[in-house]
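Student: Residue numbers (the UniProt record's numbering), protein chains in the order written: chain D, 1 to 203; chain C, 1 to 203; chain U, 1 to 203.
These aren't lab readings, by the way, just hints derived from the structure by calculation.
Under the rule of at most 20 Å between Cα atoms (straight-line distance), these lysine to aspartate or glutamate pairs were calculated in the DMTMM-like manner:
1. C:K193 to C:D96
2. U:K110 to U:D174
3. U:K110 to U:D56
4. C:K110 to U:D56
5. C:K110 to U:D64
6. D:K110 to D:D174
7. C:K110 to C:D64
8. D:K110 to D:E7
9. U:K110 to D:D64
10. U:K110 to D:D56
11. D:K110 to D:D56
12. D:K110 to D:D173
13. D:K110 to C:D64
14. D:K110 to D:E10
15. C:K110 to C:E10
16. U:K110 to U:E7
17. C:K110 to C:D56
18. D:K110 to C:D56
Note that the coordinates shown come from a computational prediction; the quantities given were computed from them, not determined experimentally.
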Amino acid sequence: MQIGTMETIEVLGTVAFAISGSFAAMQRRLDPFGVLIIAFVTSIGGGTVRDMLLGDTPVAWMRDVNYCLLILATSVATIFFKTHIKKFKITLFLFDSLGLGLFTMLGIQKGINFGLSPGICIALGTITGCFGGVIRDTLLNTIPLIFRKEIYATACILGGSLYFGLKHYKLGDDMANIAVIAFIFVLRIVVVKYRLTLPKFGY
Amino acid sequence: MQIGTMETIEVLGTVAFAISGSFAAMQRRLDPFGVLIIAFVTSIGGGTVRDMLLGDTPVAWMRDVNYCLLILATSVATIFFKTHIKKFKITLFLFDSLGLGLFTMLGIQKGINFGLSPGICIALGTITGCFGGVIRDTLLNTIPLIFRKEIYATACILGGSLYFGLKHYKLGDDMANIAVIAFIFVLRIVVVKYRLTLPKFGY
Amino acid sequence: MQIGTMETIEVLGTVAFAISGSFAAMQRRLDPFGVLIIAFVTSIGGGTVRDMLLGDTPVAWMRDVNYCLLILATSVATIFFKTHIKKFKITLFLFDSLGLGLFTMLGIQKGINFGLSPGICIALGTITGCFGGVIRDTLLNTIPLIFRKEIYATACILGGSLYFGLKHYKLGDDMANIAVIAFIFVLRIVVVKYRLTLPKFGY
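Just chain D, same shape as in the assembly (with noise of 0.2 Å):
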């Protein structure tokens, strides 16, 4: 971990993350060994399926312990501090929708550095924000969240589809960077807000 503005907000993220998958196993009352391994799995599982779907190993969390670290305090003080941290549910989904436009973006740069075409690039952002989630509550035994309620994949394609437009009209990549997240970003919190949602098939 170095210092910077992505750096930042990824750690961001990353706690964000393992706060929520320490809320999500708490509700099935896991003892405290599920907490943590379900806050680690949804902190680090977008990123681990990206690094073995394109070879990059090891995997990210393995390179640099202080993840691992950052995970583990989250994990701990959620527990202790479960009461106080309910207050700050905003705060909460805020620092959520950050990470999922943070951890999208770094999944299209990781795409773009490994010569990807950009519908690649965007589901390999796409899994690198969502699928920390999508384990967990597979975990959980659940249908995953993500398949059922929120435009929360939509806002990663979408932010992904922006981006390669953005590019196209040769837009610098730091703009383009801030851009994406912002957009994914605010647009998470507008569909939760007035809670849209796609129109569901069935037989």
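Put chains C and U on the given structure of chain D with help from the hints.
Tutor: For chains C and U alone, coordinates are given in the frame of chain D:
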């Protein structure tokens, strides 16, 4: 994607798996994004697990964006034309069985290219053919169908064994490939038509 | 598979995990193929996830077909002799605990060979020891046992910490290995015998 017999059947198999995934997701009343993800996972899941186990990365679907576009188009078409497609249930089943045979054969060939022993190649073929469905069912929160009904994977294992039997008797590669695909294809149809299942075991 | 102390215990651990997987699958009334797959996944799941995270591919079981044959034979034997094997429940539990200790130690050693930091090595050891069971339970559609009962993974983490403690005090490699395996083995037995669990947390 190049043009050729193998590629043609692979495309047909990919389409069939995308349709079957879309139907399974719509039955569970997922939103369109969920339907798309499940279609995608069903189509490319087997090959992705195979490539991650082999370390042949980036995994196959990342190297050719056409497969993603094909799955996207198929899934969207399935959502819009679902009433009509249900009438083609038998056609679908045939494509699905053909895809199973082809994907199993592709997995076996890839194992041979990596210099693995026959038993491992058969396992790789079975994984390529079946794991898309396993991941689909796991995400949809049911015990994977493969563990409960039909001799689905057993067809892959028998087909793989047949392949190495034919090679032992010096049969040409093309002939062996076609024989194995036809064997898996026909075996699955016979099993489903006559409702054959393996006996179950319980305490 | 070569002959040696580590290999002997690894074989015993593989057999014990294959038997425990087979029993779990039969309890859910899966067909014989399902029983075989679950036995396989329980035995090799931990090592497979470890190798995919490290990028040490093709993963271990692909490089030595003997492990597959061993699991196949064990699973078939379990199906046929299930009544008799139930009488050896305690023996099985002992093998399973021994396997847990050994697999954890193998994961730690592999992490050290890859030059990873101690915290990451302990995580790798825990993954090697525990993830076979996690995948088994996920496929069988239950919240993984590990998240609900027993201090299973906690034993791996404590054992791993002990290892680096012993190394810090310059204990020889062989002695440290044996001490850690014995520690995990005994700790798990004590925990199960006295029905110790970590306290649970809920809202």
